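The listed protein sequences derive, respectively, from chains A and B. When we follow numbering that gives the first Met the number 0, the leftmost residue of the first sequence carries the number 0, and every step to the right adds one. When we follow numbering that gives the first Met the number 0, the leftmost residue of the second sequence carries the number 0, and every step to the right adds one.
Since the hints were derived computationally from the structure, they do not count as laboratory data. Heads up, a few of these hints could be off.
It does not matter which identical chain is meant; a pair holds if it fits inside one copy or across any two.
[As the list claims (entries may be wrong)] Below are the PhoX-like pairs computed for lysine-lysine, each with C-alpha atoms no more than 25 Å apart in a straight line: (1) LYS283 with LYS407; (2) LYS453 with LYS464; (3) LYS356 with LYS283; (4) LYS312 with LYS356; (5) LYS355 with LYS251; (6) LYS453 with LYS487; (7) LYS312 with LYS193; (8) LYS253 with LYS231; (9) LYS333 with LYS312; (10) LYS102 with LYS283.
Please read all numbers here as calculations on a predicted model, not as lab measurements.
Residues per chain, in single letters:
Number of protein chains: 2
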Amino acid sequence: MAKLMRWTIQWQGSHVQVEFGDATTVPDPLDAESIKRSFPLTYGQPLVHFVSSLEKPPPNGVQDQQPPLRVADIKSELPNHSEIYYLGGYDMLGRTKDQITSKEQVNAALNACQTLDLNGLVVIGGVTSNTDAAQLAETFAEAKCLTKVIGVPVSFYGDLQNQFVEANVGFDTICKVNSQLISNICTDALSAEKYYYFIRLMGRSSSHVTLECSLQSHPNMVILGEEVASSKLTLHDITKRICNAVQSRAEKGKYHGVILLPEGLVESIPEVYALLQEIHVLLKNSVSTENISGQLSPWASALFESMPPFIKKQLLLSPESDQSAQLSQIETEKLLAQLVETEMEIRTKNGTYTGKKFNSICHFFGYQARGSVPSNFDCDYAYALGHGAYHLLAAGLNGYMATVTNLKNDVSRWRCGGAPLMAMMTIRRLLHGLGTPSIGKPSIHPVGVDLKGKSYGLLLQNAEKYLMDDLYSNPGPIQYKGPGSDSKTICLCVEDHDYMGRLKKLQSYLDKVKTSVKPGCSQEVLKAAVSAMAYVVEILSLMSPAGTGHAYHPLEDTSANM
Amino acid sequence: MAKLMRWTIQWQGSHVQVEFGDATTVPDPLDAESIKRSFPLTYGQPLVHFVSSLEKPPPNGVQDQQPPLRVADIKSELPNHSEIYYLGGYDMLGRTKDQITSKEQVNAALNACQTLDLNGLVVIGGVTSNTDAAQLAETFAEAKCLTKVIGVPVSFYGDLQNQFVEANVGFDTICKVNSQLISNICTDALSAEKYYYFIRLMGRSSSHVTLECSLQSHPNMVILGEEVASSKLTLHDITKRICNAVQSRAEKGKYHGVILLPEGLVESIPEVYALLQEIHVLLKNSVSTENISGQLSPWASALFESMPPFIKKQLLLSPESDQSAQLSQIETEKLLAQLVETEMEIRTKNGTYTGKKFNSICHFFGYQARGSVPSNFDCDYAYALGHGAYHLLAAGLNGYMATVTNLKNDVSRWRCGGAPLMAMMTIRRLLHGLGTPSIGKPSIHPVGVDLKGKSYGLLLQNAEKYLMDDLYSNPGPIQYKGPGSDSKTICLCVEDHDYMGRLKKLQSYLDKVKTSVKPGCSQEVLKAAVSAMAYVVEILSLMSPAGTGHAYHPLEDTSANM
Chain A
0 MAKLMRWTIQ
10 WQGSHVQVEF
20 GDATTVPDPL
30 DAESIKRSFP
40 LTYGQPLVHF
50 VSSLEKPPPN
60 GVQDQQPPLR
70 VADIKSELPN
80 HSEIYYLGGY
90 DMLGRTKDQI
100 TSKEQVNAAL
110 NACQTLDLNG
120 LVVIGGVTSN
130 TDAAQLAETF
140 AEAKCLTKVI
150 GVPVSFYGDL
160 QNQFVEANVG
170 FDTICKVNSQ
180 LISNICTDAL
190 SAEKYYYFIR
200 LMGRSSSHVT
210 LECSLQSHPN
220 MVILGEEVAS
230 SKLTLHDITK
240 RICNAVQSRA
250 EKGKYHGVIL
260 LPEGLVESIP
270 EVYALLQEIH
280 VLLKNSVSTE
290 NISGQLSPWA
300 SALFESMPPF
310 IKKQLLLSPE
320 SDQSAQLSQI
330 ETEKLLAQLV
340 ETEMEIRTKN
350 GTYTGKKFNS
360 ICHFFGYQAR
370 GSVPSNFDCD
380 YAYALGHGAY
390 HLLAAGLNGY
400 MATVTNLKND
410 VSRWRCGGAP
420 LMAMMTIRRL
430 LHGLGTPSIG
440 KPSIHPVGVD
450 LKGKSYGLLL
460 QNAEKYLMDD
470 LYSNPGPIQY
480 KGPGSDSKTI
490 CLCVEDHDYM
500 GRLKKLQSYL
510 DKVKTSVKPG
520 CSQEVLKAAV
530 SAMAYVVEIL
540 SLMSPAGTGH
550 AYHPLEDTSA
560 NM
Chain B
0 MAKLMRWTIQ
10 WQGSHVQVEF
20 GDATTVPDPL
30 DAESIKRSFP
40 LTYGQPLVHF
50 VSSLEKPPPN
60 GVQDQQPPLR
70 VADIKSELPN
80 HSEIYYLGGY
90 DMLGRTKDQI
100 TSKEQVNAAL
110 NACQTLDLNG
120 LVVIGGVTSN
130 TDAAQLAETF
140 AEAKCLTKVI
150 GVPVSFYGDL
160 QNQFVEANVG
170 FDTICKVNSQ
180 LISNICTDAL
190 SAEKYYYFIR
200 LMGRSSSHVT
210 LECSLQSHPN
220 MVILGEEVAS
230 SKLTLHDITK
240 RICNAVQSRA
250 EKGKYHGVIL
260 LPEGLVESIP
270 EVYALLQEIH
280 VLLKNSVSTE
290 NISGQLSPWA
300 SALFESMPPF
310 IKKQLLLSPE
320 SDQSAQLSQI
330 ETEKLLAQLV
340 ETEMEIRTKN
350 GTYTGKKFNS
360 ICHFFGYQAR
370 GSVPSNFDCD
380 YAYALGHGAY
390 HLLAAGLNGY
400 MATVTNLKND
410 VSRWRCGGAP
420 LMAMMTIRRL
430 LHGLGTPSIG
440 KPSIHPVGVD
450 LKGKSYGLLL
460 QNAEKYLMDD
470 LYSNPGPIQY
480 KGPGSDSKTI
490 CLCVEDHDYM
500 GRLKKLQSYL
510 DKVKTSVKPG
520 CSQEVLKAAV
530 SAMAYVVEIL
540 SLMSPAGTGH
550 AYHPLEDTSA
560 NM
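Bound conformation, chain A alone:
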């Protein structure tokens, strides 16, 4: 905190300089036209970087004199109140899962902002809230409303990730609190030597929390939703995999273990996902829960009827507003524990397993980590984003997300700025059964764990050791002073996020070519430059997705869809 305080004073004591970068595009060129049509006024805005004007004299940027602003959402006033530095968002703001779904709601927001004569509206949240922020920004611009809309990336799930956003506020805290508890349970497992603990972690459709907690606490086994979807593992495959692990451990005399699952796992299992889809369609058609089983397709009905009663009841719950199942209510950990127990009994009966009886205890860590006192990292990050949001508004920008990059380095090296919300949007094209593909609205979509990323690679590399050798690690509780108080998530530290740094580097290379190959240079130099640049351009055109002719992303091709 001391470091951040110095940094803050530096920011507050000087004038902040707003520098504009290049105009932005969207991640998938195929989506560009469509998104531009939906957001004509806010599409294609440039990137923004903040520079302290003590460090650099004002060039052609806008100089910010920190005028007083009227802003809705107290988060933006945070920087001036250090007594509330350690309050989490739940303490100050409360929470809601409501989504803006109708034109009336947008207009109500517009009227409120105009009536209150607000300079800015800061929207704090994850993918859904920031998609809403983008919609509000466009509508406000269209209505020539003076209120500018800025988004801030805050989500426990860690699933708001893109070139500009390296981490979400809250993710560090959630992972640390959960890792503390998982580690305690690992110690308990090793001490009691008689139980398998099945722990389900929050994360909605993505498994970031589960991956990070695994890297911090080294449980024996982890099953990520992204792995299951990518390998199309069935419930039976997963059960068998766990049973094989239990059996291998029993052969070494070990009858305990800790297994982590993400709450989104249930939707990643292909046959369960399909069953859920059928149930949701029937619920939408107002079929009563008692009659649903009879109206399912034969295979879905067979799967449904094979489930234990508690899971049946949970699968029949109405879906969330985003059409996903009520993941926090579906006790996948209990389902798997029960399936494993049954399978181990079968193996015992037919003599393939000769070890002791399998015993399990199930946990869902959904509520006890939320509302925690935030970690130093999350406080620092939220504080910096709050500042950024203020400066984006002061510069009169609309439809931006406040960003801080280079987060894995020391706070003094963090880079603050803003990125247009529209540059984070994609369009989902889903094949529903055999019908025509449906094209979704432009949205900021949740991003799942990258199975080619370094964090997942680290887990994979250690999986066998963690499974057999009980290398449990206990990071302990979150610390605010002394050793460990500056720690960051392992995922943030191992991944190579430096997108903004690379953008800068690319710009400097382009500049160098331009300055070293000016009219008057030798023919040889010019020829070399042209030939080398032709090579660069060819590589880029080969990499362009338009070149490969991919028009649709089937469900299993992109982790963002899970």
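Could you slot chain B onto chain A? The hints should help.
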């Protein structure tokens, strides 16, 4: 830790002096003869205090030269290994719930200690383990075995309490971790504003953990087992009480809340306790679980059949080795949440409740706090007890518990010593139905929350405010450096434990009377002394339980029986 290190160096750099106090008795004079008969060799030993010989020249005590000792149980070597300072007992020792139940087990221990030629055996645990330690000490003495047995008070439950033992190692950590999680849930409740969280906490038959966590985190409502037993509240009474609270809060527009329950609650509810007793007798007689309901008495069968299926299954589990129900497996929180929901629906139907629908989420915090990295207080306390155990063994003492008193003060003022295990024993006399009373074996019994104590008083005093005003408090995670790292449990700090200090004071008063009233003093002085002392003696005789003629403790009269 810095403080303790200084204290340790002081201890290690000097010779520790062992001073003997008065011979001890047992808490209840009625038990004395019986306990003396069971423990003829170890009964009535004197209290022991340790004094640093740098502070005081050796008087008539035993001077300890710190000889090398052979001791079983690595905990006693702890003080010399600061790298393992922060490892909890689960890390180093593992755990077991097994109890010594047969003469064969005692003899096996005796043989092992003799074969290994041990100077000492340190037994680490709660009431059961220390009762076992007392039994081993007597048996070893009888067999003229050279191994001395020392107990150390370690228990999450905080139920090993008496004149000599102010706190149990582990209790501080468990309460801090649970309070952190409860507080997070309180914040979540207040933020979401739509759920009642029912949280069940560990503690076996006593509610110390629940009381301490309530004092730390201020949930809306707490139901202690000791209150329920003392007021003979039925399941219906408890449900009604919670419903009234829900209704009062709804009238203020509040539809959220946090309610804590101890796992022992289920055994404190009179009719459920009686039902469990009937079930356990039938299980003991090998009646299969399917047939139990039919063989219960009519009222017990009616109660049993009124329960939801999940609770029925859990009530039918075999009891623990100490005859108590498998408390960690019985989901009382779900039972109560369900009963409250049903009652609120009835109130809605008959129009007495007009608020929104009651929604609940249930939690059991049983496993995620155990195995935690211990708090500074627990490390310091365990460290000091480990030292004490060593010095008791070095002084050749047998059948003692290592003690540290004055714990609520600074570490530099802690007083180390030992108290005979037999001086902590009581005998339970229980009236089972209408038959003859059964007399138990002398044991160190768990002590419940003292409903006349200051800690409970503090809770009671704030109960109404906590219920209505959402004064949630978040102590945050355990800290090892900086603010809060020296904190101790509130129960320890508000209670007035200074038994050893008062014993000292009494001795000094007696000494003063003796020195100021010597032969040769005036008749007036002598008369005054005799008359004043007669008054003291009369008061003490009136207070003696033998004088009141109480021969049996009915179940509801003593919290130790719950």
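Quick rundown of the hints versus the structure:
no., hint, in the structure
1, LYS283 with LYS407, "neither (45 Å within a copy, 61 Å between copies)"
2, LYS453 with LYS464, "within (18 Å within a copy, 51 Å between copies)"
3, LYS356 with LYS283, "between (43 Å within a copy, 23 Å between copies)"
4, LYS312 with LYS356, "between (28 Å within a copy, 20 Å between copies)"
5, LYS355 with LYS251, "within (12 Å within a copy, 55 Å between copies)"
6, LYS453 with LYS487, "within (16 Å within a copy, 42 Å between copies)"
7, LYS312 with LYS193, "between (30 Å within a copy, 21 Å between copies)"
8, LYS253 with LYS231, "neither (30 Å within a copy, 45 Å between copies)"
9, LYS333 with LYS312, "both (13 Å within a copy, 16 Å between copies)"
10, LYS102 with LYS283, "within (22 Å within a copy, 68 Å between copies)"
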